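If you want the building blocks of each chain, they are given just below.
There are 8 protein chains.
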Amino acid sequence: MAAVAKADAKNDNTMRSTHLTIEAAADAAEKENQQISVAVVDRNGNTILAMRGDGVGPQSFESTVKKAYTAVSWNAPSSRLVKCLANVPTLKDIPGTLFLGGGASVTANSAPIAGFGGAGAPSTGLDEKSPGRRRRSGEVVRRGSPTDR
Amino acid sequence: MAAVAKADAKNDNTMRSTHLTIEAAADAAEKENQQISVAVVDRNGNTILAMRGDGVGPQSFESTVKKAYTAVSWNAPSSRLVKCLANVPTLKDIPGTLFLGGGASVTANSAPIAGFGGAGAPSTGLDEKSPGRRRRSGEVVRRGSPTDR
Amino acid sequence: MAAVAKADAKNDNTMRSTHLTIEAAADAAEKENQQISVAVVDRNGNTILAMRGDGVGPQSFESTVKKAYTAVSWNAPSSRLVKCLANVPTLKDIPGTLFLGGGASVTANSAPIAGFGGAGAPSTGLDEKSPGRRRRSGEVVRRGSPTDR
Amino acid sequence: MAAVAKADAKNDNTMRSTHLTIEAAADAAEKENQQISVAVVDRNGNTILAMRGDGVGPQSFESTVKKAYTAVSWNAPSSRLVKCLANVPTLKDIPGTLFLGGGASVTANSAPIAGFGGAGAPSTGLDEKSPGRRRRSGEVVRRGSPTDR
Amino acid sequence: MAAVAKADAKNDNTMRSTHLTIEAAADAAEKENQQISVAVVDRNGNTILAMRGDGVGPQSFESTVKKAYTAVSWNAPSSRLVKCLANVPTLKDIPGTLFLGGGASVTANSAPIAGFGGAGAPSTGLDEKSPGRRRRSGEVVRRGSPTDR
Amino acid sequence: MAAVAKADAKNDNTMRSTHLTIEAAADAAEKENQQISVAVVDRNGNTILAMRGDGVGPQSFESTVKKAYTAVSWNAPSSRLVKCLANVPTLKDIPGTLFLGGGASVTANSAPIAGFGGAGAPSTGLDEKSPGRRRRSGEVVRRGSPTDR
Amino acid sequence: MAAVAKADAKNDNTMRSTHLTIEAAADAAEKENQQISVAVVDRNGNTILAMRGDGVGPQSFESTVKKAYTAVSWNAPSSRLVKCLANVPTLKDIPGTLFLGGGASVTANSAPIAGFGGAGAPSTGLDEKSPGRRRRSGEVVRRGSPTDR
Amino acid sequence: MAAVAKADAKNDNTMRSTHLTIEAAADAAEKENQQISVAVVDRNGNTILAMRGDGVGPQSFESTVKKAYTAVSWNAPSSRLVKCLANVPTLKDIPGTLFLGGGASVTANSAPIAGFGGAGAPSTGLDEKSPGRRRRSGEVVRRGSPTDR
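Protein chains in written order, with UniProt numbering: chain C, 1 to 149; chain B, 1 to 149; chain G, 1 to 149; chain U, 1 to 149; chain V, 1 to 149; chain F, 1 to 149; chain Z, 1 to 149; chain L, 1 to 149.
None of these hints come from the bench; they were simulated from the model.
A quick note: this is a predicted structure, and the numbers were derived from the prediction, not measured.
It is possible that part of the hints are untrue.
Straight-line C-alpha distance at most 27 Å; calculated DSS-like pairs for lysine-lysine [what the hints assert, rightly or not]: (1) L:K83 to F:K92; (2) Z:K92 to F:K92; (3) U:K92 to C:K92; (4) F:K83 to L:K83; (5) V:K92 to L:K92; (6) V:K92 to F:K92; (7) B:K92 to G:K92; (8) V:K83 to L:K92; (9) L:K83 to Z:K83; (10) B:K92 to U:K92; (11) U:K83 to C:K83; (12) L:K92 to Z:K92; (13) B:K83 to U:K92; (14) G:K83 to U:K83; (15) V:K92 to L:K83; (16) Z:K83 to V:K83; (17) V:K92 to F:K83; (18) C:K83 to U:K92.
Working from the sequences, and respecting the hints, build out all of it.
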């Protein structure tokens with residue numbers, strides 16, 4: 001997520017930030033050897049980029065889009081938004097949202113300009129013995145993958 | 001919500017009340033400098049007005065329609081209906097509904113004639129330190145916005 | 001529901017039982033002065049009858065169909081099925097179902113042949129002070145209406 | 001499920017394993033006298049086979065597909081995945097999934113190559129007195145039916 | 001259709017006309033020995049009644065609703081609206097519509113208050129040799145059935 | 001449409017043009033005594049405003065949104081785009097579009113910034129004898145209504 | 001199709017006929033080395049069997065279901081129904097239908113009891129020079145495949 | 001399209017070809033200064049990549065996915081498939097397809113392994129006077145853009 005986060009620092013131009021976000025997303029996928037799915041949505045929730053990872057579970061494709069949508073909707077990482085459900089559990093019933101770690105908001109001058117989502121899994125399934133290799137979200141992703149931590 | 005609520009007092013004619021509701025909704029949006037989304041549905045749940053706020057999160061548009069639908073369905077503010085979920089949690093599985101603060105019912109002679117929904121957020125995201133500026137619902141709205149309190 | 005339940009006792013012929021179910025549903029609606037919504041589905045979940053009540057909330061129309069579908073799926077009243085969620089909460093994620101009181105299964109020779117659903121509300125909204133007139137389900141229906149008790 | 005599980009041991013070829021899975025699914029349905037619904041999805045979640053059981057509830061058809069999808073998504077039996085919801089309850093909001101016992105993943109060389117789902121019920125409805133004949137999932141299936149135990 | 005058409009002449013009250021329309025629809029289905037599907041929608045296109053005929057093709061259920069919707073949308077029989085497609089072929093791309101004979105508009109004081117749709121077929125399929133018993137629309141209905149002629 | 005078209009001449013600022021478009025749409029509806037439905041979408045096809053006219057057919061609500069979407073997609077009035085179907089008839093199969101008169105594109109510095117759609121009908125139905133009062137599109141609208149001519 | 005057609009001659013029992021249809025469909029797929037997709041729907045249009053062929057285009061899966069639905073709806077082979085469009089072109093706008101060769105109706109005592117659909121293609125694409133190996137329908141299938149001729 | 005087409009010549013490995021297709025798609029978009037939308041689907045029609053162009057009409061995003069799906073379904077360029085509609089006009093009613101120029105099939109050893117779709121338009125709208133800069137398909141794309149010629 002670091003590369004994506006820098007998009008904010010470097011730009012004050014929305015269009016250029018969005019491009020950098022797409023590039024950062026593509027780079028993150030490349031670094032993972034294409035084994036993660038990534039998505040970018042604009043401020044209005046329209047999907048700008050959706051890319052399916054090699055060998056990842058089919059659920060990752062649509063969930064990355066929804067994580068990105070959720071992050072840009074409230075301008076916060078989706079892992080932080082998950083905690084809001086303790087107080088307002090019906091937030092997650094809003095169409096288009098998914099309250100699961102792996103989404104991040106990209107900002108320019110403090111305003112949200114895009115959302116990013118990532119998810120992916122090696123083909124070895126759920127193994128709760130190796131938490132280092134997997135996210136707490138239950139969607140198994142590799143260490144260093146473009147999630148929101 | 002005050003302006004909307006008055007529609008009830010002034011009218012005994014459904015059609016006229018609906019018009020006043022639309023006007024009250026538009027006025028509320030105007031007063032917020034268009035930074036909230038608003039919706040009005042009729043007694044049968046048909047959308048009469050849906051207006052997207054400037055710079056609000058994309059989730060606000062569809063959620064206002066659903067809040068309005070929920071309020072008119074049971075003729076009660078959606079914030080009150082949220083409390084019913086403690087006893088009947090599956091009420092929220094009824095299609096078209098959203099149990100989240102921000103919906104209100106408009107009545108003429110005690111009968112529901114329309115539903116109203118509002119939602120919106122400045123681009124600063126979730127900030128639980130400033131509860132005064134945001135609703136408990138988790139959908140961040142400005143003080144005085146046309147929600148159901 | 002008594003009239004509907006009798007369909008079982010009187011028939012051993014599926015088609016005739018379904019007709020009697022439709023008639024019982026129509027009669028129940030008639031008795032309530034058309035102020036409830038009713039639905040009948042066949043054993044395979046196909047809607048056979050759907051009728052919207054006068055002045056009821058819009059949510060009642062689709063929810064009656066889903067209650068009927070749920071009842072015939074497990075051959076049990078939906079109010080009893082609600083209790084199963086305590087042990088298996090994800091049952092309610094099965095598409096087409098709604099776990100809310102008001103659905104009943106109709107049987108011939110102990111096998112389910114149809115599902116029935118009812119819902120409705122006078123225009124006075126939620127009033128928790130008069131539990132006698134309303135069902136615990138939160139969908140407000142009149143005493144004696146064709147629900148599953 | 002034993003027959004299905006063996007597909008893994010016998011093959012290292014994806015296509016052949018998928019065929020064996022379909023055959024095992026068909027055999028399982030046959031053994032149950034066609035009174036269960038079964039489904040097979042490929043690694044990418046596409047439905048390869050969907051077969052509706054005789055006399056089963058209508059909800060079983062679509063739920064078998066979703067169970068198979070869920071199992072292949074995380075390469076684990078759906079009954080095990082249900083337990084993950086205790087920690088990550090929003091996993092079940094991912095589109096296409098259903099966290100309910102009855103789904104299994106089929107693997108070749110440890111990698112998931114297909115998902116399998118089964119569900120079905122005799123027409124006698126829910127009877128909590130005979131747990132031996134029914135799965136804890138709440139979807140009533142016969143002893144020995146192709147679920148994931 | 002005659003019985004339905006009379007609803008207009010007898011009433012000047014919308015609610016009562018709608019009730020008469022439902023009754024006329026039910027009577028028409030009864031006269032056909034339940035072998036037709038019928039539907040009634042209100043002025044805003046909301047389904048008020050949908051009833052599936054015995055032994056009719058499955059396509060008839062949804063198509064009656066759409067015929068009724070189409071008729072009330074333009075306040076004209078759907079068979080007449082079909083002819084409009086010669087000049088404006090894309091009219092039929094409007095969601096919810098179906099330009100096929102069998103829909104009728106019900107009016108009170110010349111204004112549309114409801115739409116009606118009917119369709120049905122004996123199980124003998126298409127037989128173009130007996131045009132007297134079937135409508136030109138290709139949806140086979142019996143002579144005298146509640147279509148729009 | 002004249003009022004809407006002027007939005008282009010007066011502005012070079014996207015946000016302001018969109019606001020003017022909304023106002024022009026609301027004014028047009030007002031002038032027609034609320035008897036037309038109107039919609040505004042932004043450059044990316046997101047609905048900004050949708051308003052249902054009094055007494056218009058139910059089909060008008062969704063069709064205005066689609067007309068606006070179509071106009072902004074190709075930056076041309078929908079009536080002109082209808083003519084393109086003679087050469088490329090499958091253009092109309094693109095999701096979200098509706099090739100029917102009544103849509104217009106709003107531009108700032110020649111670039112499309114919003115789409116507008118309008119439709120509506122008095123309750124008198126189709127009357128091809130009075131073409132002056134109705135559009136050739138088959139969606140009956142009043143002279144001077146905010147269509148695209 | 002011959003094997004499927006015989007189901008009619010041999011049976012007068014609906015359930016048994018449906019089973020034979022499924023078996024005939026599975027046999028047909030087997031004979032084609034699994035390189036076709038097949039589907040069976042019951043009289044009410046519910047999918048009983050859907051099986052995706054190896055290496056066939058993805059469009060074949062859903063289209064077989066719709067062909068089967070179309071055939072059972074009017075109790076006629078879909079290739080014959082295609083010809084009806086010359087007189088009633090809007091028949092094809094009925095939801096769930098697909099007017100394309102490859103669907104057949106299965107009857108018992110002249111009444112339709114099930115629909116069958118088949119489609120498939122070798123990976124060589126459209127080659128109009130070898131009509132013998134492909135159907136005129138444009139969905140390329142092998143000689144002898146279970147279509148409706 | 002040239003770069004994409006070469007993927008076939010260089011590879012005999014499906015996975016690698018798909019990667020090259022994605023890269024070729026990204027390169028094509030890059031060359032056009034991101035002013036086109038592009039999409040890649042796999043042999044089973046699953047979306048692998050979807051990327052929205054800068055400033056293109058909103059309809060381009062979903063239509064590129066459908067063009068790619070159509071091309072891989074019949075292993076032919078979508079512009080060639082358009083011609084098939086003259087003989088089999090209902091082919092275009094198959095769900096997921098779009099018969100419009102701009103889709104191409106990618107093959108390895110003559111078998112289809114992926115589909116590609118492209119669409120895009122400068123913000124100047126339809127201008128039939130400059131056919132050299134635009135495709136006959138009506139979706140305006142730049143000379144040299146990754147369509148199927």
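Output the numbers, in ascending order, of every earlier hint that fails for this structure. none
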